[in-house]
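Colleague: Residues per chain, in single letters:
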Amino acid sequence: MSTAGDAVVRCVAAIAAAIEADRDWLTELDSAIGDADHGGNMARGWAAAAAAVGELDEPTPETVIKQTGRTLMAEVGGAAGPLYGGSLLFASAELADGLTTETAVAFAETYLEKLTDRGGARLGDATMVDAVTPAVHALRAAIEVDGATPVAALAAAVTAARRGMAATVGLRASKGRASYLGWRSVGHQDPGATSTVIICETILEVLADELDEPVPSVPAVTVHDPDA
Amino acid sequence: MKKLINEPDAVVDEMLAGMVDAHPDHLRRIDGTQVLVRADGPIDGKVGVVSGGGSGHEPTHGGYIGAGMLDGAAAGDVFSSPTGDEFERLVDAVDGGAGVLAVIKNYEGDVMNFETALELQAMEGAETAEVIVNDDVAVEDSLYTSGRRGVCGTILVHKAAGAKAAAGGDLEAVTAVAEKVIDNVGTMGMALTSCVTPEKGEPTFDLGADEIELGIGIHGEPGTERTEVMSADAVTAELTGRVLDDLAIEAGEEVITIVNGMGATPLMELYVVQRALGGILEDAGVDVWDSWVGDYMTSLDMAGVSITVCRLDAELKELLAAPADTPALTVA
Numbered sequence: 080m081s082t083a084g085d086a087v088v089r090c091v092a093a094i095a096a097a098i099e100a101d102r103d104w105l106t107e108l109d110s111a112i113g114d115a116d117h118g119g120n121m122a123r124g125w126a127a128a129a130a131a132v133g134e135l136d137e138p139t140p141e142t143v144i145k146q147t148g149r150t151l152m153a154e155v156g157g158a159a160g161p162l163y164g165g166s167l168l169f170a171s172a173e174l175a176d177g178l179t180t181e182t183a184v185a186f187a188e189t190y191l192e193k194l195t196d197r198g199g200a201r202l203g204d205a206t207m208v209d210a211v212t213p214a215v216h217a218l219r220a221a222i223e224v225d226g227a228t229p230v231a232a233l234a235a236a237v238t239a240a241r242r243g244m245a246a247t248v249g250l251r252a253s254k255g256r257a258s259y260l261g262w263r264s265v266g267h268q269d270p271g272a273t274s275t276v277i278i279c280e281t282i283l284e285v286l287a288d289e290l291d292e293p294v295p296s297v298p299a300v301t302v303h304d305p306d307a
Numbered sequence: 467m468k469k470l471i472n473e474p475d476a477v478v479d480e481m482l483a484g485m486v487d488a489h490p491d492h493l494r495r496i497d498g499t500q501v502l503v504r505a506d507g508p509i510d511g512k513v514g515v516v517s518g519g520g521s522g523h524e525p526t527h528g529g530y531i532g533a534g535m536l537d538g539a540a541a542g543d544v545f546s547s548p549t550g551d552e553f554e555r556l557v558d559a560v561d562g563g564a565g566v567l568a569v570i571k572n573y574e575g576d577v578m579n580f581e582t583a584l585e586l587q588a589m590e591g592a593e594t595a596e597v598i599v600n601d602d603v604a605v606e607d608s609l610y611t612s613g614r615r616g617v618c619g620t621i622l623v624h625k626a627a628g629a630k631a632a633a634g635g636d637l638e639a640v641t642a643v644a645e646k647v648i649d650n651v652g653t654m655g656m657a658l659t660s661c662v663t664p665e666k667g668e669p670t671f672d673l674g675a676d677e678i679e680l681g682i683g684i685h686g687e688p689g690t691e692r693t694e695v696m697s698a699d700a701v702t703a704e705l706t707g708r709v710l711d712d713l714a715i716e717a718g719e720e721v722i723t724i725v726n727g728m729g730a731t732p733l734m735e736l737y738v739v740q741r742a743l744g745g746i747l748e749d750a751g752v753d754v755w756d757s758w759v760g761d762y763m764t765s766l767d768m769a770g771v772s773i774t775v776c777r778l779d780a781e782l783k784e785l786l787a788a789p790a791d792t793p794a795l796t797v798a
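Sequence lines, in order, name chains A and B. Quick note on the numbering used here: the first sequence kicks off at 80 and runs consecutively. Quick note on the numbering used here: the second sequence kicks off at 467 and runs consecutively.
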């Protein structure tokens, strides 16, 4: 097992690869209700973040997340830059004393708080908040109530994020570019909620690998088939 | 579509280089960024007033940098918000120790990037404030939208806030006059043609030869209503009526107006609109303190016009009449 900082660096690289693999799907989701740039912007931003954190001397979880946030802010642009980048940047302070289950929960909660403060979206507005909120709640509940292992807790968060992502399909968007479509936004899966799920899934895979545990099977929630 | 450019990707960079080349006494570019600041800034002890947003609206915002108006502005790519780190560099560069006011047009990308930058600068110890301009009366402001857009009324915010800062107002006072303009200004625009972005190279929306679009924004987004071509007088009556209704302007009140070209409208036509606007306001018993006519907040090569009306009081008149020395607007 590598140091926690190295593991987070690996995680950022894995997220960049996962986003790149799904960039066309993200763009397709965005073209239906937005300006068709989410896949390209996110792929560019995470690739730059992976490169930037790879240059860090003696990375710690805090410095890696902080650098990731800064890079996303500078590279992603639009609203996704400050939403992803700014929230990561501000939440990174929660990891100043290292990465534990407690600081991970604090990090996740601060991330959610910054995201909703900045974007003004609430649960049910059909945005990334609909994936992040249940993921954060599930993570905390799994650790505090169930005493789950880190991998099991993260698996619960991924399950919750997927359900939240699926729920955006049926909701009218009230924030973000999709909100300009009014009722025509119903029936479309939110691209930001989707990229959030991809990121959560990747964190789970990297964590399980770091801890030499199998990746738990997470119930699939299929709502959009890019090949259909 | 023909464009006088080299590469679409280089347009903003080359435009900024040209602006600094043309106005070296006014403008300085922060190396490695798309941020322009006052050549003689930061001004010690003065509140910094900054703005920014996507490019394609020239002379907004860089053209309004100079004594009595903006201390700096960040230029994003065409119709795209500047990134948060560019806004940070901007705020940091103009801070003369008395705080910085950010004048933000109400677009989600602009607001979120600017606010993130302000929060980060505040953590570094900077004193910051923000105002969000949302003068476009064509857009419904409701729970289900992201609210009204910021358009040409923003120039009056730059002017009043810049004058207040130049007069030695503190951050609270400068913010207060910016808010006063925002509370009293409304704008509505229309298009004869769509604009063509350098990247796309073709019209963003299609308008038939005998159609016009009312309620357009400044990014080539479609408007609220499409109609048959109307005369200049009829268009002016429609736009002005919507703005006056929204502001609830009454006879006897004093206003400043802007007839703003969207980028490809001959000045001849803008003056034809001005004539109609003057007549409408006179008939309504509204007292016109000043009328600006020209290209202030454009949308690339869109043909069309927007009409801005702002209710005035003694303080705003004094601030709008105060000296300004910028590439695009001079008040002597």
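Hints listed in this document are in silico derivations from the structure and should not be mistaken for laboratory results. Because the structure is a prediction, the values reported are computed rather than measured. Possibly wrong hints are sitting among the right ones.
When the alpha-carbon atoms are kept at most 16 Å apart in a straight line, the in silico EDC-like pairs for lysine to aspartate or glutamate are as follows [said to hold, decoys possible]:
1) B:Lys469 / B:Glu668
2) B:Lys666 / A:Asp114
3) B:Lys512 / B:Asp636
4) B:Lys468 / B:Asp767
5) B:Lys783 / B:Asp753
6) B:Lys666 / A:Asp116
Colleague: Which constraints among the numbered hints does this structure fail? Numbers only, ascending.
Modeller: Going through the list in order, the structure violates no hint and respects every one.
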